[in-house]
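Q: These are the residues of each chain, in order.
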Amino acid sequence: MFKENPIVNETETIIGPSVRVEGDFVTEGNIIVEGVICGTIKTLKNLRVGSKSKIYANVTAENALVSGEIQGNIKVRGKLELTPTAKVFGDIKVGTLLVASGSIINGKCQMGSEKDKSPKPDFSKQVKIDLEAKDNQTETEKPSQEKTKSKLRVKK
Amino acid sequence: MYYYIYDSDLNNKKYNNLVSRIETRLTDLGINGKINYLSFLKNIKQLLTEEIKRGVKTIIIVGNDQTIGKMINIIADFNVVVGIIPVGPKNKIAKFLGVPEGEDACDTLSSRLIEKIDLGLVNNYYFLTSIESGGGDITIECDNSYIINLEGDNQINISNLNHYDETACSPTDDTLDVFLKNIEKKMFKKNKSSFSHIKAKLIRITSNKLIPILLSDERKIIKTPANIKIVPKKIKLIVGKKRIF
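Sequence order for the protein chains is W and S. Every position in the first sequence, counted from 1, becomes a number in the working numbering once 12 is added. Every position in the second sequence, counted from 1, becomes a number in the working numbering once 11 is added.
Hints are computed from structural coordinates only; laboratory data are not their basis. There's no promise every hint is true.
What the hints assert, rightly or not - A short, non-exhaustive set of chain S residues, derived as facing chain W with CB atoms under 8 Å:
#1 Y48
#2 L52
#3 L161
#4 H208
Note that the structure is predicted; figures quoted are calculated from it, not measured. Even glycine gets a Cβ: it sits at the ideal position worked out from N, Cα and C.
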């Protein structure tokens with residue numbers, strides 16, 4: 013019922029505040045960054061960027077929570093959450109974006125996918141309406157209408 | 012066929028009672044075999060090679076972590092099943108593998124739950140649990156893809172089978188766990204420490220100075236530069252139900 017033994021944690025990488033990583037940092041588990049990273053960060057799971065951390069790298073993750081500074085492009089398939097201390101200098105491509113007041117974004121932002129876009133209607137098939145011709149037509153129709161009205165009066 | 016290797020410390024009188032109880036239990040369970048005591052005068056590798064040729068398929072190490080550490084390096088190259096009977100102080104490995112101390116370990120051995128376990132290799136020297144190092148201005152290169160620069164006072168622990176800072180390291184995941192602890196000393200305040208944890212298969216530790224690397228199992232020192240890698244499923248170990256992985 014109560015396990016005495018410690019359970020092996022889910023794969024989690026922690027980059028502490030005193031650590032400086034240079035190069036391509038690719039993992040399959042969750043990443044917590046509190047230090048400095050230069051290069052590339054890629055993970056199939058979640059990324060958490062601490063408030064004092066600085067990332068000079070292109071970032072790819074499933075979900076991300078950013079409180080620090082990122083100088084590079086961010087590609088997040090799921091949810092990207094920017095807290096008030098977050099600073100992003102680069103383009104963002106994200107599924108869902110949550111921006112807190114105070115956070116800074118400098119770059120292009122692309123949300124959702126091309127599938128979300130509704131299809132463009134085909135305007136080329138639509139016939140142009142000739143307004144002048146229509147006016148003439150209404151003028152010719154008016155006297156005939158008057159005639160019918162007078163006929164009705166006669167009948168009465 | 013079982014072959015037993017006893018630590019030289021078990022010749023001590025205080026272990027006589029315990030050793031005889033273990034031997035009785037092993038006979039009861041029908042897993043008794045030839046016994047050999049470790050000694051500086053004996054060439055264990057040669058002895059084991061001869062015994063394996065004669066048909067020994069299971070080697071049981073009777074002793075503590077240090078005994079296991081010494082033997083792992085020799086046994087790693089043989090295709091045999093390894094079991095342990097923890098006796099004496101410092102039995103961390105037995106705890107990680109879920110093997111109880113003393114004569115209770117005989118029951119675990121007889122149940123024969125075998126697990127293929129990874130071994131770490133540092134400069135052509137095998138280790139089962141972990142290696143430790145420390146100091147400043149150290150560069151750690153991981154998986155030939157990224158470099159970690161460490162400044163200040165650092166503690167490095169590279170673990171295969173260990174329980175470090177509430178994190179259990181599995182020896183079956185084909186990776187080594189790198190734990191980095193930076194200690195920031197302050198004059199009139201408490202020392203501040205920060206913690207990092209990375210998983211890697213291939214690690215290279217370099218430094219401007221010669222830094223000693225300590226093998227936790229065996230109390231052996233290796234100097235930098237050190238090439239460390241994981242050797243997956245290298246050894247077959249008899250484990251207990253209460254193992255940490």
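Q: If a hint holds in the structure, say so; if it doesn't, say that too.
A: Each hint tested on the structure:
no.	hint	in the structure
1	Y48	violated, 33 Å
2	L52	violated, 40 Å
3	L161	holds, 7 Å
4	H208	holds, 4 Å
In terms of the numbered hints stated before, the structure departs from hints 1, 2, listed from lowest to highest.
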